[in-house]
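S.K.: Using the sequences plus the hints, can you model the full thing?
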Amino acid sequence: MRNLSLGSFDVASFNNTNVSGIAIDLDENVLYVASENQSVDEGVNVQIYRIDKNALGAAPECIATFTTAAHGPTAQVISLRVIQDNRNLVAITRNGDITTASLDDEIPMMEVQGSVDDGILAASWSPDDSLLALVTGTNKLILMTLTFDIISEAALETTDFGQDMPINVGWGSKQTQFHGSLGKAAAQASTSDIFAGCSPDEDNFPRISWRGDGAYFVVSSITNSGSLPHRVLRVYDHQAVLQSTSEPIPGLEHTLSWRPSGSLIASTQRFGKFEGGGAGREGKHDVVFFERNGLRHGDFELRPDQGLASVGGKLKWGYKVKEVRWSSDSNVVALWIERDSASDLVQLWTTGNYHWYLKQEISAPSQSHFTSVEWHPELALELILATSSQVFFRTYIWETTSSMSKPPIDSGSVAVIDGSTALLTSFRTQNVPPPMSSTQLAAHVPIHWHFLNSFDALGFLWEHGYVEIYDLHTRLVTGRGKADDALGLDAPRSFIVVVLGSSLESDVVTVIKFDGEQLTETVPVIMSSCNGRLLSSSDAVLWEAKDGELFRVDAESGTSTSFGGFLNFCSTAQHITLASTDICIGLIESGRLQVCGKNTQCRTLAMNVTSFTVASGYLIYTTGAHEAVFAPLETLIPLLANADDPDNLKAIPSDWEKRRIERGSRIVVCIPSSMSLVLQMPRGNLETINPRPLVLEVVKQDLNAGEYRKAFFSCRKHRIDMNFLVEHDETAFLDGLSTFVTQVHEVDHLNLFLTNLGQGMKPLSSETIRKISDALREKLEEKDIKAYVNTILTAHVIKSPPDHESALSLLLRLKGAEPTLVEDAVKYIIFLVDANKLFDTALGMYDFSLVLMVAQHSQKVQSPLEDKNYQKFRIDDHLARYTSALRNLALANTEHFGEALQYIERHSLYEVALSIWTGTDRYEEVLIIYGDWLFERREFRQAAAVFVEAKSLQKAMVSYEKALEWQDLFELALRHSELANMEDIQAMAYRLSEDLTSKKRYAEAARIILDYTSDVRTAVITLVQGHEFSEALRIVSYYAERNPELVEDVIHPGALESKAQFDDDVSEMKEQLRKQLNRIRELRVKKIEEPDEFYGVEDTALHNVDVMTDVSMAPTAFTRYTVAPSTAASRTTKRSSRSKRKMERKVGSGRKGTVDEEEYLLRSITKLVGRFSGTRGESKRLLPHLLKFTSEHREEGMAMQKELEKFESELNAAVEEIWTIPMSIDGDGDGQTQPLADSWAARMEEVHKQRRINPVERVAKPQTDGEAGDWKMRLLELQ
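Just so you know, the sequence shown maps onto residues 1 to 1279 in the UniProt record's numbering.
Since the hints were made in silico from the structure, they are not lab data. Quick caveat: nothing in here was measured; it's all calculated off a predicted structure. Hints may be right or wrong, so weigh each one.
To be verified - 35 Å max Cα-Cα, derived DSBU-like pairs, lysine-lysine:
| no. | residue 1 | residue 2 |
| --- | --- | --- |
| 1 | K406 | K762 |
| 2 | K1261 | K1272 |
| 3 | K406 | K598 |
| 4 | K513 | K546 |
| 5 | K53 | K598 |
| 6 | K658 | K799 |
| 7 | K513 | K658 |
| 8 | K1070 | K1202 |
| 9 | K1075 | K1152 |
M.R.: The following block contains the structure:
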């Protein structure tokens, strides 16, 4: 939401010159200018002029001259640079000469340091002046050092992409992107097929641009590869190694500039019906951006209505973009535009919220052309422009143009310039995110703009002195209709317009007075210097000089008088009048916020400030620490009175309110009437906040005006303590309490007000609360005691101490006439205060009807009026007698049945509940919750029976389906047709078929499909999956007329797939058998050869011996004689006990390398035998069909039967080998003392004994001949 405003303007003029280049000496603040003139010998004389920026009024001094050969019709000096390290001025010319001169010499002499024979087409120094990149006339790229030593020299034209060539892995590539209406053809087209050419405005010269850190540079040149010559960007590192190459871009032009921050490379692109042009609207002209990898990254279009209309001439479109330049802070891009029939133009563009704004336009004077456009390398917004005879210095500043009108007409309007349009938004009624706006106003790039202070009007100023003023007619309330209706001044008004002009020697302040429709007076006042600024003020004309000194301009006398001043020039400043005291507040570009008074010492308020505004009696500013600070204006006057040390920040009050804001936020506008502060984030999006100081200021104004309702709702909305309504002026609030009750008449709002009294950070005193509550209670009792009974009760109980007795007395008084009202009031007061205290108070009043009333509605006190059975229930529940409690609850009043259902679910008393409510009308409800409980426990079959009993047939169907009880499900669905139609039944059939298939119940699944959907194909497929080929063939034969193709389409392929699955299973079993058999052989050999290692024999008695103490001490000569147990030994015993229990748990785990591994392997082979038996049984259903289908099936059947026979033999042999080898292990009796029977050692000893038993004796031998040969097909054996 910021605009670029012209801050200063200076000019240096020459006689008989033709300026072609400039160079800046940052150390001396000097500008060097190269001027070229044709010599008599057809050469070019180059003069170097020196311009001291501190003395621009003096004539430029020619310090050096040299001659160079003419090399084309364009300017010969292509680079002029001041090298700060060695204080040399380097000029590079097109004929290839590199000429230098020492600036430290009294009379600098230009000397040729070297020459490139082929000439130089482009040259560019790195930002730190350490490297020089050149493009020669033969299209060679040369990289030199500061001393002109060559680092690299290579041809510019190459087919290599560079080191950063992307690797295409498919995703993320151009072929996978969306191309809109262009379709798939655009995605499939290769970049080599793009018909790219040069713009008709092409100058054919290469360009070089460095990144801000000097790590990379980019070269734009014309390449002849492809169907047409076209521009290509190549990115190099600081060693001139090619990194990347851009893809062909149709109509890409010669302009080139790398953003100093390093993110984007800017150029321009033409569209239209010319050979190799971009596909787009005729005359479309874009500024395009590239990344370092050569890929496009955004663009924006130049606007034809911005002085770029096609007027014919030597240029095809009447103009061309000659150069693009980024400012040193990367925030502004300048476009140098050359026009045929008009002077050159420079446009300044900025971006925000992904939109590009045209902020300023600069025209060359008197139909001339610019010869150089450069940004200052350090002063971010200083632009240096040169024509053939003049050099202009233009400095810009950021400025937010917002309405300064005071409440109640403060609209919060903000104007943003975007080319020929002023974007206007009234933030009082709507927050419109940029680049959108509430309304738009035609204004072709003015040089400055400002809102009037007296009413909501906006004035524009153009550089040639033209002024326009528009009355915005801003709507100040929310609603429909236009937010603004900007028109010329359509009604007589009196106001003053102040215009700041410049005559190059001094500024001129012109005060223009309007009275009604007449311009009554114009008073010009000449100031002491130039390039000053006008301060924003509502009642004075103040001008700030370049050194920060302030002057008050008197329009009556036409003079100016000194007013004081800032320490430095403030680009943003504002004047206010506070208690007849003039105060000026200014912000320096470095972030120092200053304040000064009339002829008083200037005072620094804060450092690192990013923006500020004055509104609602506060100076509001944001800081780089991401805080918004609210300084009351009245505190500034004593600060100025004690400003002995202007840099002393310790005296700044610490109680100024602060608020955290989002990182990088700046103030856009403050709207006092809506208590809002609008902030803009760095990206450009907006945020509206309601700071506490602004809200309090409006609340104060409403309270002073007697607008209690507005004040109350402001506090309620913005969470301000209600105490503030009283604290602001307690006496006035008590006097206006009747008005308060009339305006805030809602009971809930009055209750909110009372309950919040005494709360918050600064609570009211007990006496104040008592006075307010009593006064409010009296007003409400006079108005309507029945309507405000809850508020009156609140007024009693918020006192300190609470007046419970008075509150209960009120209830007792109303009980007879309004029993329903009193019952609700009792519930309300119990909600407010502790029920036990209220009960005690009622007892102390000796009114037992009141006691019973409180007890009946209190959850903490047992009511004597409760049902006896319900009392028993509560007692049983407290004693955890849940069954008895449920029985008593069932005997209580029927109104407790809902509570009983919750109690049943809480304690899972379903069976008890069924026995209690059997034969009652509540029985079915109990059954339903019982069924739901069973369903949640996944006992679907039981749940279905319960739901049927409860006549909840829909839930029963769901339970039957989950239980896969399909017969009962379909019987129920068909018997009760209202539960499901045929479509529902078919859907259920398909669902159940899938579930049964997942459980390998293929026959049932097929039966359901066939019976309830008549889907023969799906039924046959299901049977084939389950190897039910006989049934599948039967069904196909039965429905032969409907699906004759199923045999060849489904059954034959399914048989082959089943055979393949059998083969996989047999291969897997074969591999397992061989591995485990080999491992058993290894273990048995190890058991015989190394029995101790195999069984892990050790003396278990040693686990009970503690020989040494664990006490840590130095050993002595008697240590071996003093062996005693210790506490540490006990800890060690505990630790060993844990490890012993862990060891017991590991016994029998079968882990590899343990003594239990062999038994584990035997059990695994036993399971394998069972698995093979199942596979062999299933083969009986497949082999007959493989025999009779086709010859291919018969061959597969023969192979399958042979493989099964082979594996069967191998398995039988393995089982015989494993279970027939005798194993003899010596006995373990060794005569040692046996451990205690119940000790760990005894248990482990028993384990070791069991381990020595042959595992073959513990694992029964599996039976492998259960099927004998019944599974085989003898006919296959005869083939």
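S.K.: Hint check: K1075 vs K1152, CA-CA at most 35 Å. Holds or violated?
M.R.: Roughly 13 Å separates the two Cα atoms, so the pair holds.
S.K.: Taking 35 Å as the top limit, are the C-alpha atoms of K53 and K598 close enough?
M.R.: Given pair K53, K598 holds - Cα atoms ~32 Å apart, limit 35 Å.
S.K.: K406 and K598 were given as a pair; does the straight-line alpha-carbon distance stay at or below 35 Å?
M.R.: 23 Å, holds
S.K.: With a cut-off of 35 Å on the C-alpha distance, tell me whether K513 and K658 pass.
M.R.: Cα-Cα ~42 Å, so violated.
S.K.: Is K406 close enough to K762, meaning Cα to Cα at most 35 Å?
M.R.: Holds, because 32 Å separates the two Cα atoms, which is no more than 35 Å.
S.K.: Please verify whether K1070 and K1202 have alpha carbons no more than 35 Å apart.
M.R.: Holds: K1070 and K1202 sit about 14 Å apart, inside 35 Å.
S.K.: Please verify whether K513 and K546 have alpha carbons no more than 35 Å apart.
M.R.: 27 Å, holds
S.K.: With a cut-off of 35 Å on the C-alpha distance, tell me whether K1261 and K1272 pass.
M.R.: 24 Å, holds
S.K.: Is the Cα-Cα distance between K658 and K799 35 Å or less?
M.R.: Holds, at about 34 Å.
When the structure is compared with the earlier hints, a violation turns up for hint 7 alone.
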